[in-house]
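Peer 1: Which chain is which? The protein sequence lines are P and S, in order. Position in the first sequence (first residue = 1) + 67 = the numbering used here. Position in the second sequence (first residue = 1) + 279 = the numbering used here.
Everything labelled a hint here was simulated from the structure, so no lab data went into it. A few of these clues could be false.
To be verified - Incomplete in silico selection of chain S near chain P, CB under 8 Å:
1. 283
2. 333
3. 337
4. 389
5. 390
6. 392
7. 393
8. 402
9. 408
10. 492
11. 545
12. 549
As the list claims (entries may be wrong) - Chain P residues, not near chain S, derived (Cβ > 12 Å throughout):
13. 106
14. 195
15. 276
16. 308
Unchecked claim - According to the in silico footprint, chain P covers these stretches of chain S (three or more CB under 8 Å from chain P):
17. 342–355
18. 378–387
19. 413–421
20. 427–433
21. 480–487
Using N, Cα and C, we set each Cβ at its ideal position, and we do this for glycine too.
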Amino acid sequence: MNRRPWVLGAVVTAVFLFLYAPIAWLAIASFNSSRSLSRISGFSLQWYAELADDTRVFDSLRLTLQLALASAVISTVIGTLAAFGLRRAFAGRGLWTVLLSLPLVVPEVVMGVAMLGFFVKLAGVPLGFGALLFAHVAFSLSFVVVVVRSRVSGMDVRMEEAAADLGASPFVAFRTVTLPLVAPAVVAGAAFAFLLSFDDVVISSYLTGVGSTTLPVFVYAQASKRGISPEIVALSTLMVTATALLLIIGVVIASWRASAGSRVTSR
Amino acid sequence: MLRRWLKANALLAPTGVWLGIFLIAPLVVVVEFSFATRDTGVARAVLPWTTQAYLTALDPAFLPIFGRALVYAVATTAACLLLGFPLAWFIARHGGRYRTALLAAVLIPFWSSYLARIYAWKALLDGEGLVNTVLGWVGLGRDGGFLLTHGAVVLGLTYGFLPFMVLPLYVACERFDVRLVEASYDLGHGRVSTFFRVVLPGVMTGVLAGSLLVLVPAAGDFVTPKLLGGVGQSTFGSVIDDQFRGGNNWPLGSAMAVLLLVLVVLVLVLRGRRGEDVL
Chain P
68 MNRRPWVLGA
78 VVTAVFLFLY
88 APIAWLAIAS
98 FNSSRSLSRI
108 SGFSLQWYAE
118 LADDTRVFDS
128 LRLTLQLALA
138 SAVISTVIGT
148 LAAFGLRRAF
158 AGRGLWTVLL
168 SLPLVVPEVV
178 MGVAMLGFFV
188 KLAGVPLGFG
198 ALLFAHVAFS
208 LSFVVVVVRS
218 RVSGMDVRME
228 EAAADLGASP
238 FVAFRTVTLP
248 LVAPAVVAGA
258 AFAFLLSFDD
268 VVISSYLTGV
278 GSTTLPVFVY
288 AQASKRGISP
298 EIVALSTLMV
308 TATALLLIIG
318 VVIASWRASA
328 GSRVTSR
Chain S
280 MLRRWLKANA
290 LLAPTGVWLG
300 IFLIAPLVVV
310 VEFSFATRDT
320 GVARAVLPWT
330 TQAYLTALDP
340 AFLPIFGRAL
350 VYAVATTAAC
360 LLLGFPLAWF
370 IARHGGRYRT
380 ALLAAVLIPF
390 WSSYLARIYA
400 WKALLDGEGL
410 VNTVLGWVGL
420 GRDGGFLLTH
430 GAVVLGLTYG
440 FLPFMVLPLY
450 VACERFDVRL
460 VEASYDLGHG
470 RVSTFFRVVL
480 PGVMTGVLAG
490 SLLVLVPAAG
500 DFVTPKLLGG
510 VGQSTFGSVI
520 DDQFRGGNNW
530 PLGSAMAVLL
540 LVLVVLVLVL
550 RGRRGEDVL
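Could you put the whole structure together from the sequences, leaning on the hints where they help?
Peer 2: What follows is the structure, given as structure tokens:
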């Protein structure tokens, strides 16, 4: 159908350039010898060296990682259950869908001030890790449900019925048939939840307490005073590199397993 | 039938409890706050009930701010659609075995710090930045660069929200039956006519879901306008933020938050049931 596929290809290349330009620029600027982000004056590793020595950054990085991990685990578990709950039609499913779409569309600033007002000032939950965790799960959950649900609803029910016909108990059928089928979506949902929590500035900024500042909030406070520090640029560069490497490894393993799998079945 | 209903609700119960306590209850409290009398210095608003906050929030003085936030949001949604649709279509239709990898490649940049990305744009767009330098070579440069312009804000917002547009669009494009396009060509329709009569209605659920995920959150965002647009660029979000952080007028901030929530409900109602399965 694409009589001129190069037009589409050119547009897609341009969009990818747009997506990667700031990241590439961050990577270049992280090796800059001056503090400036806009003018590159020479090569140096000093920001990486300073990053390695900065305990405050590492303390908040550790807290942010713990929070993102806890939030991702909780929202993935209960979100996956919810995605299975929405699998078949039942009275009230529309209402559940509306409830679940709320965290996706309510602006962060509204959620932030609402949570500050309610569970910090009214319910007496102290600012800090607990408050952050409650909030992060609340705004990540829906993303997990959306991602897992798209996979669950596309799944062939006859596979599980076949397992049951062949004598598998519901638990065994779930573990050996259903779970492997939805696993990619569950992993994607968990990654999404982790990312949302790890990068959240606005909601977290209302809920961080003394000694429990997350990295994005720490960076935001610093940046509004004297611009973003080159150390953070170095840290961002390391994080994107690590993610990209993990992804490449994942793709390689997946394609290797796929080709191994097709060899087995073709035999 | 009853068993199925019970089973579904049991599976949904943990999510319902969590969202009920940590999302719905707080939003209800915001509505309550919005009708409260201003209580200086103390966080807890007190009685008697009043609509004063709404009268202040709807004051014509705030109109340009709301208007600006809405224009930013609509422009961002349009830009995300224009960039996101070719990308989603390409990945879904021509990605082949690399589909998942390409989709992940869209998300990789977002593993860097959000603030670092905004500052990267700041550096690229300012007077001595790369964009202005390159455009200067072809005579399109601008004194002082492109920072602190409306365009810079929309660019930053588009960059930040693009993945939320691409993902639902991708799902819709993947489900779309391409044979319909061939049928349309066979029946004598041209490219433009085919796009508007066959492709667009076919992926409409994704367009609606993506726009929903971009429009309202973009209207409430204040970090991007603040950093790329400068201090003069107050938006809906920044005014709410000011009331809670500095101004300490919780009822006014709450009333504005409720106005944004009304926008959310309006958009949800307008969407109706379309695209429910994509989102």
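Peer 1: Give a verdict on every hint.
Peer 2: Tested hints:
no.	hint	verdict
1	283	holds (6 Å)
2	333	violated (16 Å)
3	337	violated (17 Å)
4	389	holds (7 Å)
5	390	holds (4 Å)
6	392	holds (5 Å)
7	393	holds (5 Å)
8	402	holds (4 Å)
9	408	holds (5 Å)
10	492	holds (6 Å)
11	545	violated (11 Å)
12	549	violated (12 Å)
13	106	violated (6 Å)
14	195	holds (15 Å)
15	276	holds (15 Å)
16	308	violated (9 Å)
17	342–355	violated (count 0)
18	378–387	holds (count 7)
19	413–421	violated (count 0)
20	427–433	violated (count 0)
21	480–487	violated (count 0)
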